[in-house]
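Protein chains: 2
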Amino acid sequence: MKNRLATLVGALALSAAASAQTWIWYPGDYEIWLGNQMNNRRTERGAFFPPFWKTDSHYVVVEFSKKLDLAEPEEIFIAAEGKYNVKLDGKLQFGMPSTLKLPAGKHSLNIKVWNQSTPPTIYVKGKTVNTDKTWKVTYEDKEWIDESGKASDTSATVYMDAGCWNFDGATQLPSKFSLARKPMKAVSSTPRKEGVLYDFGKETFGYITLKEVKGKGTIHIYYGESPEEALDTEYCETLDKLLAEPGQITDLAIRNTRKLYDEYTLDNSKAFRYVYVTCDPGVTIQDVSMQYEYLPEEYRGSFKCNDEELNRIWEVGAYTMHLTTREFFIDGIKRDRWVWSGDAIQSYLMNYYLFFDNETVKRTIWLLRGKDPVTSHSNTIMDYTFYWFLSIYDYYMYSGDKDFVTQLYPRMQSMMDYVLGRTNANGMVEGMTGDWVFVDWADGYLDKKGELSFEQVLFCKSLETMALCAGLAGNTADKTKYEKLASALRSKLEPAFWNEQKQAMVHNRVQGKQSESVTRYANMFSVFFNYLNADKQQTIKHTVLQNDSILKITTPYMRFYELEALCALGEQESVMKEMKAYWGGMLKEGATSFWEKYNPEETGTRHLAMYGRPYGKSLCHAWGASPIYLLGKYYLGVKPTKPGYEEYSVTPCLGGLKWMEGTVPTPYGNIHIYMDKKEIRIKSDGGKGVLNIPTRKGMKAMTIEPGEEQVFKY
Amino acid sequence: MKNRLATLVGALALSAAASAQTWIWYPGDYEIWLGNQMNNRRTERGAFFPPFWKTDSHYVVVEFSKKLDLAEPEEIFIAAEGKYNVKLDGKLQFGMPSTLKLPAGKHSLNIKVWNQSTPPTIYVKGKTVNTDKTWKVTYEDKEWIDESGKASDTSATVYMDAGCWNFDGATQLPSKFSLARKPMKAVSSTPRKEGVLYDFGKETFGYITLKEVKGKGTIHIYYGESPEEALDTEYCETLDKLLAEPGQITDLAIRNTRKLYDEYTLDNSKAFRYVYVTCDPGVTIQDVSMQYEYLPEEYRGSFKCNDEELNRIWEVGAYTMHLTTREFFIDGIKRDRWVWSGDAIQSYLMNYYLFFDNETVKRTIWLLRGKDPVTSHSNTIMDYTFYWFLSIYDYYMYSGDKDFVTQLYPRMQSMMDYVLGRTNANGMVEGMTGDWVFVDWADGYLDKKGELSFEQVLFCKSLETMALCAGLAGNTADKTKYEKLASALRSKLEPAFWNEQKQAMVHNRVQGKQSESVTRYANMFSVFFNYLNADKQQTIKHTVLQNDSILKITTPYMRFYELEALCALGEQESVMKEMKAYWGGMLKEGATSFWEKYNPEETGTRHLAMYGRPYGKSLCHAWGASPIYLLGKYYLGVKPTKPGYEEYSVTPCLGGLKWMEGTVPTPYGNIHIYMDKKEIRIKSDGGKGVLNIPTRKGMKAMTIEPGEEQVFKY
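Same order as they appear, the protein sequences are chains A and B. Residue numbers for the first sequence follow the numbering used here, beginning at 229 and rising by one. Residue numbers for the second sequence follow the numbering used here, beginning at 229 and rising by one.
Careful: at least some of the hints might be erroneous.
Given that identical chains are not distinguished, each listed pair holds provided it fits within a single copy or across any two copies.
Keeping only pairs whose Cα atoms sit at most 25 Å apart, straight-line, the calculated SDA-like set for lysine to any residue is [to be verified]:
| no. | residue 1 | residue 2 |
| --- | --- | --- |
| 1 | Lys-709 | Gly-649 |
| 2 | Lys-741 | Met-660 |
| 3 | Lys-311 | Ser-403 |
| 4 | Lys-599 | Ser-383 |
| 5 | Lys-294 | Asp-629 |
| 6 | Lys-816 | Glu-806 |
| 7 | Lys-282 | Glu-371 |
| 8 | Lys-941 | Arg-924 |
| 9 | Lys-378 | Tyr-463 |
| 10 | Lys-282 | Ser-293 |
| 11 | Lys-630 | Asn-703 |
| 12 | Lys-378 | Lys-677 |
| 13 | Lys-311 | Lys-404 |
| 14 | Lys-928 | Thr-869 |
| 15 | Lys-630 | Lys-867 |
| 16 | Lys-861 | Glu-936 |
| 17 | Lys-282 | Lys-599 |
| 18 | Lys-599 | Tyr-387 |
| 19 | Lys-413 | Leu-815 |
| 20 | Lys-315 | Leu-337 |
| 21 | Lys-430 | Glu-525 |
| 22 | Lys-442 | Leu-459 |
| 23 | Lys-707 | Gly-649 |
| 24 | Lys-444 | Ile-477 |
| 25 | Lys-364 | Leu-298 |
| 26 | Lys-315 | Met-266 |
| 27 | Lys-709 | Asp-645 |
| 28 | Lys-282 | Asp-645 |
Keep in mind that the hints were calculated from the coordinates and are not lab data.
Here chain A stands alone, though its shape is the one from the complex:
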């Protein structure tokens, strides 16, 4: 009972928060604009490096409106980013008023804003009239007047609910958003060759600060995730070049000159652990430090167990996640610094077991979708389009946020229209010119021709997601349409790809003919999508997943799904060994964050190379952090079974550990679990939970009550 009350209070607080004033915008627009700031910060050896896919932008004219019914008159404060006008009951007010008196009764208030550079946003604060997500927005109000002055019928105008985040103060302009910073010092500095090598102790991200720059000449700053990279001035991936002159300093890459004070902090952020600084003879620098930049996040999830290596894996995974959780979930902090759909879906899943930060998930989903028209796959990659759909399914399951799905649904439709416009006569997808069929970075040949079983499996799940979301958005015609498409495709999967002789799904089919190749990808997704029956799932565990003759996976990216499939098949003990070997292997190589790719068979500086470049590999890559997800979902064993944890299951599994304990965040609060070989203790803040206890006779289901800790002996 006590806990139910807490939930109720929580819900009321939420509803009160919804009516508190906040800056609002056209949904998705701020997210897309902020994403452009993010994606365009990538540099390569001092050169600006924007994405190669279409960069969308905000609607430059947006109308905000609200129907009012006031018990008494009130005065409102109005602010906007952009040139704006204010209409009360259809009458334009003079200029750009910062206050307006509203009479009692029913009124309509419209504010229209134009802004080319940053998204049109508004902020209204009154006693009862405040901007929030209940305001309506449109980019074309179609409100014309005829010759007599009569206004048009705007019933066909498409209004959306406003977008917002947490800019609740009048002066907290959305376009001025920046992440938090704090100063950090190097843990060591060592004279090397012509300069000094600074070590910040672990992988980090931020802005280099130079203290007491004197003299005239060039300063070179070479960044490295490894000392080898920082010291290799010819091949390090990122660098900066400054020109010091008496009283001023110029960043030569962006040609920006500033006055020189005691301290100079660069305008460009970089990822590094090491920094190698060299100066022309005439220049001296007293000290080099940095401003660490981060998104403030609460670590709501946790994991501890008797195995210290595993604890360290969790910690480094959490830090990797934190470094890559920024304005958006990005892939890696050194090189790309872009938002990629395939990388992001894994970040979301890890996030549900670590920060439960829905806002960053939503921002990233908006950005990845961009605007109509759709002119390519997400990030140009076919599989990444499908992951985008799947990520909405996941988000809905974890958050229960139906509003977001409804808001996004029109862009899901046009994205799916694009996909359906590129299917072959079998209704399957094949790579067309300009499509990047990615699958994975593989140490071996991956055929990308014809119908890949992997792509069809993702496509099928995407169609099922469309059907679900159409239902949520109240579009029953679409629901039926996508259900039919999904079941038609699903019924074709086994006939097309299952090979009786190999007892596995083959990699692809070219012109109707199955190839000889079997890869892990489609087989493992078929497990957690339940696209194969239980027998076949157990079969492929042996014929594919645990078969060493099948092309090995060497990215943590696909390891994520491979290990998930094995966990889903009850292989927690072997997966535990794999985790310790693979992620433990990176730790033994000195990793302070997890990598883009790791091949245990490589040694030394080969670990640093990728893309044909000696330091091309990212040593802090979000997809490297999957133990966060695996430990939460398959060892602590918590997952929602109805959207938003309205119902959930806990199926804890020690997987060879002596004891473990941890917390999984949910929309109701947290679920805390302790398990050893004798008992399971659970404390949950809400939702209808079922605990599956392993017994000699199989699983036994017990009800979890929210509130006090419950102890289950087994």
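Guided by the hints, dock chain B onto chain A, whose structure is given.
Just chain B now, kept in the frame of chain A:
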């Protein structure tokens, strides 16, 4: 022969000009962005007033590229608007280089620019390597690399030819473009009520300048196209309000404070002839003048005759055109200041007989189309969408500019897809919710329901235009498709709308049933589109065009087409009388530019009212200037018969005048014509001309040779 050489030299000069350096951008993007600056300058009594249709914007990341083949090395100068990078043969250069050394031989040069606020543009100047319209541009190069560093196949990337205008100097930044200005003084100032009324002598446009503002208090500026409007402080359409303070002055509408010098010129331009200025008691102003703002244009067309009233009509028409020919062809300079498709098509046609300014035509066509996705008709108006298609047909006929049509064709396709997605079971268009079916401002009831004959006629011509342009763009499949659609619709027009009893096309058909109403619109368009046979054309002259019981046209907008139809039917004499009565009527009312609407039956200040507002009517409206077009095309009688005046006809007609002479500009130069009752004299700079001489036996065709003046007696 002499002239042929001149033409050849002209063509060479053109090709040389094409390789001279100029700022370039993604085609249409600068135009759309500049259009936003234009459309968002409208104000209503001090309130900002943006359009109600979707405001598109530029692609924020654009890649420019050029394949080079250099005989010797050269150094190029590079400038860009935005953050940019430079790649030579795929290798990124450090920073944002302003010079680059290119080695001899074959190379590829790529420059990628990001700019949120203004369109990404670049400028490259070298000995042989210069930015021009031969550069390729794309908003998504889809150039990714695989794990080994190998670049992707970009063969599916859509490259366009670069857009450009006349920004040929390195410091002539496209985003800084502004029209020309010159100072003008009022012709009189008269103390009235609490202030002073300034008269600038004629309709004008620009920025008010205040001289020697002293003291502290508010200054009100009320603008009027009439003295009544300027003096009516409660109802004048535009006004400004300033706050003078010691040493500074604040524009209260835009809340911009500036230092106060001897002269203060407002930031907002306005249209007016009269300005009424009042000040708070503590404020004094020594003088009020203005900065006239205009697009420098050469008056290449001319017209003179024995009738001074007609000469004055031509002059006031030309001035009306000049005032409304700005960054774009706009409707009227006082109120809307927006770009409207139905208004613009008439401006284009007048322009071909006055300035022959292709650049402003192209800019306006780009802006009106905007970007995909299409979410409404052009300016939300169904007929305006069709005029947009028709205007491309006209532009191609007058200019012969196939490149522009090819460049624009993809956006023509998506616009027509939008229209075809809104047809009924008969393949005809009907107004759907959110569509504005405009036709005309009429002094009487115009039914907008069901299938309007007028809209189908425009739709049919639009489909014919699509077929033509598909052919020009080399898309034969589309050509066939649109030809079929056009002929299918055309064959339905007479069965659907021709009424045997009324001997005319009826106004509309609702649920398959012809209405009783006959209006002029479809009937007159069927004349110059040749959609009715010659007999029926002559019939409707009597049953409709010259029938006073049919709803009269009271806008110069539809008068344009009405008089054109009559001229096409050989009624130049009666049209001459109409022109003198109608446009001469406005002159007699004191017009110094032509109006949005003129009903000769109204008197006094009723002429100023529209839209339910006492001064709602625009007294300088582009569509008011149609005599410019009629006199050039149907009296001087010049029109292209093959695109770009490769072939043309001259069918001069005095229409009751004693003599006339004038010039019609063409891509080859000019065609000068003199005609009196005995002879016709013609001098043409190029193209294959046919002169149609009226004789007692009908028309006699003579060949016009370019070069020296030819004299034809008749």
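*Given a CA cutoff of 25 Å, do Lys-941 and Arg-924 count as a within-copy pair, a between-copy pair, both, or neither?*
Close inside one copy (13 Å), not across copies (118 Å); limit 25 Å.
*asked:* Reference check for the pair Lys-741 and Met-660, CA-CA at most 25 Å: within, between, both, or neither?
replied: Within one copy, since 19 Å is at most 25 Å while 49 Å is not.
*Up to 25 Å CA-CA - Gly-649 versus Lys-709, copy category*: Both ways: Lys-709 and Gly-649 sit 15 Å apart in one copy and 20 Å across, limit 25 Å.
*Is it within, between, both or neither when you check Lys-311 against Lys-404 at 25 Å Cα-Cα?*
both (17 Å within a copy, 19 Å between copies)
*With identical chains treated as interchangeable, where does the CA-CA distance between Lys-444 and Ile-477 reach 25 Å or less: within a copy, between copies, both, or neither?*
within (9 Å within a copy, 44 Å between copies)
*Up to 25 Å between alpha-carbons, please classify Lys-311 paired with Ser-403: within, between, both or neither.*
This pair counts as both: shortest intra-copy Cα distance 14 Å, inter-copy 18 Å.
*When no copy is named, should Lys-282 and Lys-599 be tagged within, between, both, or neither for a Cα gap of at most 25 Å?*
Answer is both; intra-copy 9 Å and inter-copy 14 Å each pass.
*asked:* Checking an output row: Lys-378 and Lys-677, CA cutoff 25 Å. Within, between, both or neither?
replied: Classified as between; 18 Å across copies, 60 Å inside a copy.
_One pair to classify: Lys-709 and Asp-645, alpha carbons no more than 25 Å apart. Within, between, both, or neither?_
both (12 Å within a copy, 23 Å between copies)
_Cα distance capped at 25 Å. Does Lys-630 pair with Lys-867 within a copy, between copies, both, or neither?_
within (18 Å within a copy, 62 Å between copies)
*If the cutoff is 25 Å on CA atoms, where do Lys-315 and Leu-337 land: within, between, both or neither? Let me know, please.*
within (6 Å within a copy, 51 Å between copies)
*At 25 Å max between alpha carbons, let me know whether Lys-378 reaches Tyr-463 within a copy, between copies, both or neither.*
between (68 Å within a copy, 18 Å between copies)
In summary, this structure violates none of the numbered hints.
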